[in-house]
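Mind assembling these two chains? They're in different frames, but the hints should get you there.
The lines below spell out each chain.
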Amino acid sequence: MTPVLSVSGLSKRYGDFQALKDVSLEVAAGELVAVLGPSGSGKSTLFRCISGLTEPDSGLIELDGTAVCGPGGDMLRQARGRIGVVFQQFNLVGRRSAIGNVMTAALPELPIWRVATGIYPVVMMDKAEAALASVGLTEQRDQRADTLSGGQQQRVAIARALMQDSRILLADEPVASLDPDTARLVLALMHELARSRGLGILCTLHQPELAAEFADRTMVMRNGRLAS
Amino acid sequence: MRVATAALNRKAGFLHRAAQRAAFLPLLLIGVAFYALCLSVAEVSISRLWEGLPRLVTWIARSWPPDLSELDVLIQRGLETVAMATIGVSFGAVIAAPICLLAARNVGASPVLSLPARWLLNALRGIDSFVFALIFVAAVGLGPFAGVLGIALHTAGSIAKLWAEAIETTDMGPVEAARMTGAGRLKIFLHVQVPDALPQLSSILLYMWEFNVRASTVLGVVGAGGIGQELKNSVDLLLFDRVLTILVIILVMVTLIDQLSATLRRRLS
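Line by line, the protein sequences are chains A and B.
Every letter in the first sequence is one number past the one before it in our numbering, and letter 66, counting from 1, is 83.
Every letter in the second sequence is one number past the one before it in our numbering, and letter 38, counting from 1, is 31.
Derived from the structure by calculation, the hints contain no laboratory data.
Keep in mind that a hint or two might mislead.
Over the 10 Å line for every Cβ pair with chain A, so calculated as not near, a few chain B residues [what the hints assert, rightly or not]:
no.: 1; residue: Y28
no.: 2; residue: W112
no.: 3; residue: L135
Using C-beta positions, here's what the derived DEER-type ranges look like [what the hints assert, rightly or not]:
no.: 4; chain 1: B; residue 1: M165; chain 2: A; residue 2: E209; range: 27 to 35 Å
no.: 5; chain 1: A; residue 1: A244; chain 2: B; residue 2: P104; range: 42 to 50 Å
no.: 6; chain 1: B; residue 1: D251; chain 2: A; residue 2: D74; range: 53 to 61 Å
We put the beta carbon where it would ideally sit given N, CA and C, even for glycine.
Just chain B, same shape as in the assembly (with noise of 0.2 Å):
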């Protein structure tokens, strides 16, 4: 008797799976359209491809050798990026202290002004630093200093809201203990939960700092100024030993920040 409810048990639970696995498969049907759709309408073409390669080919072949003649003036565009980044991201800071002051749930500032200033923050980082500096380059003329207000509001969001997470994450102990002295919640956060959370926020900036540099390269594409500016010229104009000289100061540039960055990181945690 045991045996048979057994092998009954283990035949409805074949079923089971079947079933599960039938309502599996109009899943992956769908999956399947969808990414099909995906391919046509991302006009992917091998043929097209095959046809540029040769292209592509004699373009590599002329960036050999590099055109160093005006290698002071890319260097210093080079550093432009740096100084674009380095300001946005200290802009991009200021900005977020006061947000994520607000929408930090462990702060316990009221929901009038928490959940605008979370809106606030999900608006801003899901503007991307290119689309602010397109517009501020409108507003502001060419330049750098576009792209310097294009990463400032873009990076406002994004620290405020891993600087909201690194505060949410700090014991409550000590906060409870400050608030059994009477102590207002915006002292409470700056004596106990911004020097808690000191090194996750410090190692945040630098993060931020370092994604800035990589991104921004490609501001100067709107006119927003840096290397990327001068890049744009030189594809346009097909000086591709020029664009190498170009590729070659962005990967040694961003390599540099990232190690910089990434050791200091490290010292921090």
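Isolated chain A (complex conformation) (with noise of 0.2 Å):
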């Protein structure tokens, strides 16, 4: 099978400091893929390169068989829209509903004009219904992302992220601001959503047993170097 992301030989250094140490890895469709390690260990600093958000030294990334890396921001912006990104604090917009929140992913299709009065195609909101339900918040659609609970909130992320029909998600702690029985069932979601959808998901945790329980397979990064 082909894998939905691939990198290889990923570097990344900031000053003296060495981030990233020649990481190499695969995750396949339908996969969720746990990365284990201390803070510090460069997780974000791998999480950010892949997202787009950080430039690596050097390595290869690719997207469905496709370089997303390197220089061209133009690249970088395109590759962007394919990759869901869900973080540790869900990043919603507060003070819009749920499925506000959602329609985020829908931004660069949108004219101008929708997004200024908010008035949004059937096609749309019917797809962003859709999102919310497959992550079951359905009865909140209109509800504000602040009065949310934080599973929830991170429940409309990973709709947000589905709006998008990426193949490949990538999850930064996505579970370190939940309590323990929350977390499980965040994590129980991603990892049905990789099966049922044949999400690629790239998922950094702290914790062993998280990750034991719910990857299909753990790497840990330590001092910027990967191990599986």
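Right, dumping it as structure tokens:
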């Protein structure tokens, strides 16, 4: 099976600090890969490089067999739309509804007047509702994001990523801000979505027991190096 | 030995503080001299105030009872002031929106646009509505419209600055998340940053409205309409009973608007 995400020889240096040293990994469709490691081990840098927030010094990043990394902001920006991202702090617009937040993923396709007025095409609304339904938040559709619980907010963030139709989902410590029970529910949901949608998920975690329970494969990051 | 060192240190500390104080003395003298100079340039004179006092007292005495014969006209002029401030601020907000978009540092406009936007904002803010109104009276003639334009231009600068600051304090996390979807800056500004800052943005608008109702009572002095024009005419004609009526109207009007605006702003926060 061709990997949906393939990283090879990725290195990144901040001044004297070598954050990533020759990192290579692959994520196949339908699998959830966990990256464990203490803070400062390079997990976040890896995450930022793949998501296009940081330019690596060297190395290759391929999405569905297409190189996305390298000079040229356009290529990066195009690639960004193809990677769904979930953050530790959810990063929702607090004063928007759940469905309004899911709609964020449709911004590149919407004309500016629709963004300004909030009048979205019916197909988009249907799609956003379907995304909310697949994370089990149909009833919270019009509830403001900052009134949702932490677990619900992270599920809205996952629905936002699903709205992008991406084949790869990056999750940076998605459950670190949640209580243990909610964390397990969110990870179970991610695992289930990987299976049902053929989504490749790369997820950083810091609890080995969660990785053992929900990940198909686990890798450990230490001092900028990755070990299986 | 240690005691001696400590004593020496103490002495050194004392000398250091004394030296600091000595350096402060010339600064103090310069400050005092500057203040004295200002006093004389400003022609502050107790004797002149004393001489003018009886005149003031007679005026105050003559202002009672207030002249209510033209109350309806004066109230109408007061409403004209409120209307000028309202329309002026709304026009100002329309001008301010694009300036704010370009000037806010976390929206990400290119420096080619954001620097001129910040200069424009500072220029507009630096020139008072009074000065703008003076120019517009010459351009579009006497009356409230000149006042509206004056308020609009000056207020545009203030609103843009305060709005940009409000946008700059919003959380960047959701912005980053939206960037990852590939959305452009203008769409992120509209969909993420404006809703996030909406309570502050509205509060700023209300505050500018309230401020301009207060400030624009004097615009009439340069012929830019509103109750200020009645005030100036009445003072010029020494009609102090009429002046009293106008002052009461201004006071009531400003207090009501202040209260209304404060209540609405409290609801927002």
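Status of each hint after checking the structure:
1. Y28: holds (50 Å)
2. W112: About 26 Å separates B/W112 from the closest Cβ of chain A, which puts it past 10 Å; holds.
3. L135: Given a closest Cβ separation of 38 Å, the condition holds.
4. B/M165 to A/E209: 27 to 35 Å: Given range 27 to 35 Å: holds, Cβ gap about 31 Å.
5. A/A244 to B/P104: 42 to 50 Å: holds (44 Å)
6. B/D251 to A/D74: 53 to 61 Å: holds (59 Å)
Figure legend: structure checked against the earlier numbered hints; every hint is met.
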